[in-house]
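Here is how the chains run, residue by residue.
Protein chains: 2
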Amino acid sequence: MRQCGAVMNKDTEIGIKTLPGGATTPEGFVASGVVCGVRNSSGRRDLGLLFSDRGCTSAAVFTRNVVKGAPLLVTQEAVEAGGVRAVVANSGYANAATGRKGLEDAREMQALAAEALAVEAGEVAVASTGVIGEHLPMRRISAGIEDAAAGLSRDGAGFAEAILTTDTRIKEAADRVEVGGELVTVGGTAKGSGMIHPNMGTMLAFMTTDAAVEKGCLQEILGAATERTFNRVTVDGDSSPSDMAVLLANGAADNDPITASSPDYPAFAVAVEDVARRLAKEIARDGEGATRLVEVVVEGAGDEASASALAKAVVGSSLVKAAAFGEDANWGRVLTAMGYSGVRFDADTVELWFGPVKVFENGEPVAHEETEANAALSSGEVRITARLNEGDASAAAWGCDLTYEYVRINGSYRT
Amino acid sequence: MRQCGAVMNKDTEIGIKTLPGGATTPEGFVASGVVCGVRNSSGRRDLGLLFSDRGCTSAAVFTRNVVKGAPLLVTQEAVEAGGVRAVVANSGYANAATGRKGLEDAREMQALAAEALAVEAGEVAVASTGVIGEHLPMRRISAGIEDAAAGLSRDGAGFAEAILTTDTRIKEAADRVEVGGELVTVGGTAKGSGMIHPNMGTMLAFMTTDAAVEKGCLQEILGAATERTFNRVTVDGDSSPSDMAVLLANGAADNDPITASSPDYPAFAVAVEDVARRLAKEIARDGEGATRLVEVVVEGAGDEASASALAKAVVGSSLVKAAAFGEDANWGRVLTAMGYSGVRFDADTVELWFGPVKVFENGEPVAHEETEANAALSSGEVRITARLNEGDASAAAWGCDLTYEYVRINGSYRT
Numbered sequence: 001m002r003q004c005g006a007v008m009n010k011d012t013e014i015g016i017k018t019l020p021g022g023a024t025t026p027e028g029f030v031a032s033g034v035v036c037g038v039r040n041s042s043g044r045r046d047l048g049l050l051f052s053d054r055g056c057t058s059a060a061v062f063t064r065n066v067v068k069g070a071p072l073l074v075t076q077e078a079v080e081a082g083g084v085r086a087v088v089a090n091s092g093y094a095n096a097a098t099g100r101k102g103l104e105d106a107r108e109m110q111a112l113a114a115e116a117l118a119v120e121a122g123e124v125a126v127a128s129t130g131v132i133g134e135h136l137p138m139r140r141i142s143a144g145i146e147d148a149a150a151g152l153s154r155d156g157a158g159f160a161e162a163i164l165t166t167d168t169r170i171k172e173a174a175d176r177v178e179v180g181g182e183l184v185t186v187g188g189t190a191k192g193s194g195m196i197h198p199n200m201g202t203m204l205a206f207m208t209t210d211a212a213v214e215k216g217c218l219q220e221i222l223g224a225a226t227e228r229t230f231n232r233v234t235v236d237g238d239s240s241p242s243d244m245a246v247l248l249a250n251g252a253a254d255n256d257p258i259t260a261s262s263p264d265y266p267a268f269a270v271a272v273e274d275v276a277r278r279l280a281k282e283i284a285r286d287g288e289g290a291t292r293l294v295e296v297v298v299e300g301a302g303d304e305a306s307a308s309a310l311a312k313a314v315v316g317s318s319l320v321k322a323a324a325f326g327e328d329a330n331w332g333r334v335l336t337a338m339g340y341s342g343v344r345f346d347a348d349t350v351e352l353w354f355g356p357v358k359v360f361e362n363g364e365p366v367a368h369e370e371t372e373a374n375a376a377l378s379s380g381e382v383r384i385t386a387r388l389n390e391g392d393a394s395a396a397a398w399g400c401d402l403t404y405e406y407v408r409i410n411g412s413y414r415t
Numbered sequence: 001m002r003q004c005g006a007v008m009n010k011d012t013e014i015g016i017k018t019l020p021g022g023a024t025t026p027e028g029f030v031a032s033g034v035v036c037g038v039r040n041s042s043g044r045r046d047l048g049l050l051f052s053d054r055g056c057t058s059a060a061v062f063t064r065n066v067v068k069g070a071p072l073l074v075t076q077e078a079v080e081a082g083g084v085r086a087v088v089a090n091s092g093y094a095n096a097a098t099g100r101k102g103l104e105d106a107r108e109m110q111a112l113a114a115e116a117l118a119v120e121a122g123e124v125a126v127a128s129t130g131v132i133g134e135h136l137p138m139r140r141i142s143a144g145i146e147d148a149a150a151g152l153s154r155d156g157a158g159f160a161e162a163i164l165t166t167d168t169r170i171k172e173a174a175d176r177v178e179v180g181g182e183l184v185t186v187g188g189t190a191k192g193s194g195m196i197h198p199n200m201g202t203m204l205a206f207m208t209t210d211a212a213v214e215k216g217c218l219q220e221i222l223g224a225a226t227e228r229t230f231n232r233v234t235v236d237g238d239s240s241p242s243d244m245a246v247l248l249a250n251g252a253a254d255n256d257p258i259t260a261s262s263p264d265y266p267a268f269a270v271a272v273e274d275v276a277r278r279l280a281k282e283i284a285r286d287g288e289g290a291t292r293l294v295e296v297v298v299e300g301a302g303d304e305a306s307a308s309a310l311a312k313a314v315v316g317s318s319l320v321k322a323a324a325f326g327e328d329a330n331w332g333r334v335l336t337a338m339g340y341s342g343v344r345f346d347a348d349t350v351e352l353w354f355g356p357v358k359v360f361e362n363g364e365p366v367a368h369e370e371t372e373a374n375a376a377l378s379s380g381e382v383r384i385t386a387r388l389n390e391g392d393a394s395a396a397a398w399g400c401d402l403t404y405e406y407v408r409i410n411g412s413y414r415t
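Chains A and F, in that order, are what the protein sequence lines are. In case it helps, our numbering puts the first sequence at residues 1 to 415. In case it helps, our numbering puts the second sequence at residues 1 to 415.
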């Protein structure tokens, strides 16, 4: 029997079809987003509902921050107790560091959504994102939940907007894959922008599927996918009290439930990881103030954990990020970041590339046209590659450049 | 017998007198700094010599980055082999990631300085700071060493300037303390600015004393002081391949050599730590683009290591740094950074202050005038205090705000 959690590489022969849409692309899911005036007076949607027309198995992963927002406690309880089939989420306030009243507010949000959707409170996940340490305006939240329930639709695009904070655009992805002779769909929407770092920094991701999946496997698949996707994104090194990724599986595709021993387990897991990766990259690309996506790939490492730690150190370096903004192929900063990643390696056998331009090998610089290396940094997607000569493991991590705009946004976020 | 390394707290009765000056304030030290054209064509001093007129015991600590510049290897060899009594240092090029030729260049710098000073090569420490991955212009270095040797003086102020990179001012400190009936002096100069982080991020510190100190004790005293001072500074989270702190003790004060059992061991250790702390704070205050020094103090922790980890996480948070720039008393970001520090604590028993204004306790916000809390961020020195209720340990860490100017400097450093 195959071990549950053995996610295969995408290079293997699994036919995944990319679809338009997001969290409501799988069968049986509806969503909505409304303006309830929590976020500010901008008229942007700030409260959303996501709902499955039938019961679900559900899985979730949460921030590792010691400080956890009240909604996470409520959602964790619900996911552990049984099957979550709905999500209520608001932007504007994170409802974190809000004491006992914050917890009461999160439970009330859950109860209000359950009532509006005619389901049990324990079937509703709650998520909040925004300013820390202020209480939710519950009258507005309550009115918003009623409006959102009335506006649920298969299109549901407003939901993706309602969860945004300083994000500049919605983030959605969907894939279709064959499982046990049935076509199943995986979809999702996410928000990111600031306070983004491995281990779920102010990131919300709501993923859905119409596949039927056994609960334990669903959790393993989400955990493994998160490790390789959302936890490989960094915007500014800060991880937040509010981060979570939720995956709801409603079985509308009528497949035999996927278990650890299903032949199609890998295909489904790869589809989930692919959707998560596309959302993760969109989060990195839309980091606060970002002008470009930076992808760091480490190849030839002895193991994936080392490759991942190296890639994350490079993509998280303020100096590498500022160099990416300045279109300066400053490979010394890349090597330096690898050096403090905590991973032991031999700098004399490392090779470094900016885009297609090799800039370092055998412990010293490779003669190259600096203009070509700088040009590799001038597009909307930058790739920095480090090749060790230790083994076959590789990992990618994603981030963005550090810009004046990041400083402006975060120097005046609350005012 | 007292354990070597048991540095007493400054609150104990040790009379330290602050002196003007720096690395040449202790008896018997001379220094110089010259323009040799390594750094750029700005006409700023870029090569310096520091020299004791008699033999020294010596100690050094180095970056923990896996990638180490060639000068560190040469200096480490010299310090381990015996007594270093001279330092040759340049700015402009770090001589790191420069392969075999880089190591040859560092050894040649050492030999040239030894010849100019008429000492053994093994008595000379070598330090380089600046761009990574380019070879030193050895003809200029050689001419500069000759000029610097000819210009050595007791004043020696040019040395402090010669080691600067993007620093905006020199950093010096000196203290006098009584040891065994003799007055001994400790002095030092340092450079910092970018790529500064705990574990010696692009930081050079050259400290001196006219005390006689047994070599093993000198190393312990420097190591302990570094842990509490230089390693508590962060500018941008990047630690560099080139960092080192060196401490030379020449015995010109004629005291009985300080050993682990000397009654005055603590007084001397406190003086070294005090000089190191003042240099460390100047490094933080002069961080790239900084407009203010941020001091984070964690009190009431169970142990000093936890207090230190919490303080360093807060002072290193990009979001806290940007909030300091924006004069926004965003305590949620402080609590969040503590939450991802890796230290377990109970958020419900934490108290937070911005300057004198308490903003958080009992797990939720304390009503306060936001203008007062913001005002605590508007001066040149900002203090953020977190009090746990777990024990008596405390620690401070120092950093600076994150500004547009940081992005400008690091987006165009090499061009």
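Keep in mind that the hints were calculated from the coordinates and are not lab data. A portion of the hints provided could be inaccurate.
Said to hold, decoys possible - The list that follows gives simulated cross-link-like pairs (lysine to aspartate or glutamate, EDC-like), each with its CA atoms no further than 16 Å apart:
1) 215(F) x 361(F)
2) 215(A) x 77(A)
3) 101(F) x 77(A)
4) 101(A) x 361(F)
5) 101(F) x 364(A)
Bear in mind the structure is a predicted one, so any value in this text is a computation, not a measurement.
Right, here's what the structure says about each hint:
Between residue 215(F) and residue 361(F) the alpha-carbon distance is near 48 Å, which puts this suggested pair outside the 16 Å criterion. Between residue 215(A) and residue 77(A) the CA atoms are separated by roughly 15 Å; this keeps the pair inside 16 Å, and the hint holds. Between residue 101(F) and residue 77(A), the direct Cα distance comes to roughly 61 Å. Violation of the 16 Å bound is thereby established for this hinted pair. Between residue 101(A) and residue 361(F) the alpha-carbon distance is near 14 Å, which keeps this suggested pair within the 16 Å criterion.
A hinted pair counts as satisfied when its Cα atoms are at most 16 Å apart, and residue 101(F) with residue 364(A) qualifies at roughly 9 Å.
Going down the numbered hints, you'll see the structure goes against 1, 3, while the others check out.
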